[in-house]
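Next come the chains, spelled out residue by residue.
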Amino acid sequence: MADRYTINLDGSDVAFADGETLYEIAERHRKEVPTLCYDPRLEAFGACRLCVVELEGARNPVASCTTLATPGMTVRTGTDKVERYRKTLLELVASENREIDVDPLAGHASQELKALVDRYEARTGRFQGRQSGASREDDANPFILRDYDLCISCNRCVRVCAEREGDYAISVKGRGFDTQITTEFSGPLEDSDCTFCGQCVHTCPTGALADRKALRHADVPGEIEKTRTICPYCGVGCSVDIMTKDDRIVGVQPAMDGPANLGALCVKGQFAYDFVQHEERLKTPLVRGDDGVLRPASWDDALDRAAEGFRRVERKHGPAAIFGVASGRAPHEAAYAMQKLMRAGWGLNHIDNCSRA
Amino acid sequence: MLHAFHERDGFVSEEAIGVVSQALCIPVADLYGTVTFYHHFAQHPPGRAVPRVCDGPVCRLFGSEAILGALRREGATPMPCSGRCDDCIPVLYGDRTLVGRSSATLEARPSPLPPPNPGGVTECVFGGIREPGRASFDGYRRTGGYAGLTSALRYGVPQDVVTVITDSGLAGRGGAGFPTGRKWQAVAEAPGEPKTIVCNADEGEPGCFKDRALLDHDPHAVIEGMIAAAYATGAARGFIYLRYEYPETMEILERAIREAEDADLLGENARGPGQPFHLLVRRGAGAYICGEETSLLNSLEGKHPFPRNRPPYPVTHGYEDLPTVVNNVETLASVGPILANGAEWYRGLGLLDHAGTKVISLSGDIARPGNYEVPLGLPLPTLLDDWAGGPGEGRTIQAVTMAGLSGGFLGPNELDVTLDEPGLRARGSFLGAGGVIVFDDTRDMVEVARQAMSFFAHESCGKCFPCRIGTTRLTERLAGDGGPSELAAWTEEITDIGDVMKSTSACGLGMAAPLITESLLRNFGDQVARHVDGGRE
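Sequences listed follow chains A and B, in order. Going by this note's numbering, the first sequence opens with residue 87, and the numbers climb by one from there. Going by this note's numbering, the second sequence opens with residue 258, and the numbers climb by one from there.
Treat the hints with care, as some may be off.
Unchecked claim - Derived list of chain A stretches under chain B, where covered just means 3 residues or more per stretch with a C-beta under 8 Å from a C-beta of chain B: (1) 147-160; (2) 171-183; (3) 209-219; (4) 250-256; (5) 260-273.
Claimed, not checked - List time: in silico DSS-like cross-link candidates among lysine-lysine, alpha-carbon distance up to 27 Å: (6) A/K167 with B/K759; (7) A/K331 with A/K369; (8) B/K759 with A/K117; (9) B/K759 with A/K200.
As the list claims (entries may be wrong) - Chain B side only, calculated, beta carbon under 7 Å to chain A, not exhaustive: (10) F262; (11) F294; (12) D753.
No lab work stands behind these hints: they were computed from the structure. By construction, the Cβ of each residue, glycine as well, lies at the ideal position given by its N, Cα and C atoms.
Let's have the full structure, built from the sequences with the hints guiding it.
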């Protein structure tokens, strides 16, 4: 007899919590049920139908991602029948796209379709026909490549934009095979409510939405190495994986398990990393001469010059004219020193940090 | 709201979308995407005024392509079956429907009344529809209308109504066949207020035109059914979701609702003192999928009309996530007569152990097309030959469709069925909404199947993968446009796609569409072989 909160999963009685879906339970028991439209951070959508499982008493297999467990269910996750359906579905998906193999720099989830097509040996070339999706080569923004020839209409991008980012910048237009991911009035992202946070890129399972900036380095030889760190910009502390090839940064991906961000980033953390290796990056202090030209100087000279400037303002306008804003990119110790300078140096509380934004 | 701009301007402009978006707090991108989903929302002038010619499977038989060609100069575009298969070919000019077999003979005329059946077999929903003046409140009342409802309201309690409907065996006549009494009981018991009654009048299935006849000629019967449903379940609001293609019906319904409001049958005291029931008509915008009840609810709420994942079902989480009855027009029209004549009476109308009646919309290559209300269990040949006069002179019937197109074809050797769900399901088909299209022996069945599949591809909402890709791949193969050129491989692809669609699609559209190819292969293997081999021996 089944207990109140158990189901039979592939022959074993397993416990579940109220509100859990069959997919979540199967996932916990490492059943490796395939999915394409699923992202654990988003509401289940039920579109790709790859996660179908056999449920005793149901006429057809059910989508495990949208089916809540109820006590006493008997579920089989990998029967020959559902595995055959999964293969057919993947062959159909493969037939609608220009290509399956995309560079891993395209995005965090970009290898999902490729991995499943390989796992199910679905490169059979069956079901050839018209392809869906129309790439937006006209959208020249520097960050997000809209290569919809690779789109499978899983709606993960639309849902992450709405559910996680709250931007509602993208949506779905048309219907049937002509379904397209779009923006308001089909314009470029720049004219939409898009904030270029890149979440759509990193949930895309096919590389249809891709990190255009990272892909510039697709041809650089060498393996991609990922280094987990914290975004240096603001105070939220988003976890990121810095991607390098041969010790050069080629891109940034959000950490899906980052406790502060769960895969989210903003445009700065996602795309604004060029300064690290930029040739114009400052390596010594610069001091402006009387002719107005900046010239390299020693730290002593530069600090003297800064102190002189503060003193001049203080003499002329009083200490209340001084206000300090610490850089969000400076480390904690520097931020501490900055507020100390304001408070102990002039007795002011005129101190802020740009991370407040 | 979008309809208001569409009617005023003739198209939905970007400015209109912007204004509606702001007023209703719907993101612009979402609203834009939703507008593009519907076939009939024009986004550019001249838009709405441009003639739209039905190119459904029946009108194709009788010259819709010629009309389309003749009206091309006016910018005419095709539209899917618009439910006038008993009086072809409808052309929609804005809010006017003209009909005729050629562009020269187009004229406005009311939709046909159902032809009487030859044996004087007792009818339920068509019992009073041919009475003169029936569409008006007075005419309806004079001929026995509202009697069942009035006595139920006066002498009973809501549960009595549920009990009568349950005992009558009435089941959903839109196709799903869910017992109506059980649905009402579930909504009556479900927590959450206000509850809603929705009449599904989005009759989009090709070859189905029964709802148009019922609403045009007996609108109060549907309203009576809705009030009874509201009384039985405690619902305070109701909607009739009417397909875009029935503009005249919209006017008829709005007038009938005003009449019922004037008679205090609708409004603040509809269900008794202080117990309101308000009824509104909402117009679709051209999307077959909105006949699927959860898509309909999303559409009604102004959301993108994808089907919802179930459970939860509309009886607990329907309109605005509150308990909702969604019933078909015919189901609701049956309620008044059942209340007036009793559960036993209705049960007894069916043959053998089948309860009640079903309207069959019969069209195509048949002498007397029209809506026939048949006792469930009636042999199909009786309907085709005795009631409707059989095929044309010297012709034989090659195939009939079931459930409009959704039930696929019955071939020449499969016509000895009875019209009821168990009988038809045993043959791999189903009765559904009751559309039966007849094709005689002159028709190319592969081409008929291609048209049918291209309809499903056009109407697929695009959400679930098997339907979105499968309907297109099947259409391409039926059109000879892609796919293997060797019969065994061709058949294997068709069968594999069909299997995955039937078993894994998210809603009925994707599950039903492959019945077309399945029944084509079953019955017309020779025509398929000619199509695939293309004369190559």
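Earlier hints that do not hold, by number: Going through the list in order, the structure violates hint 10 alone and respects the others.
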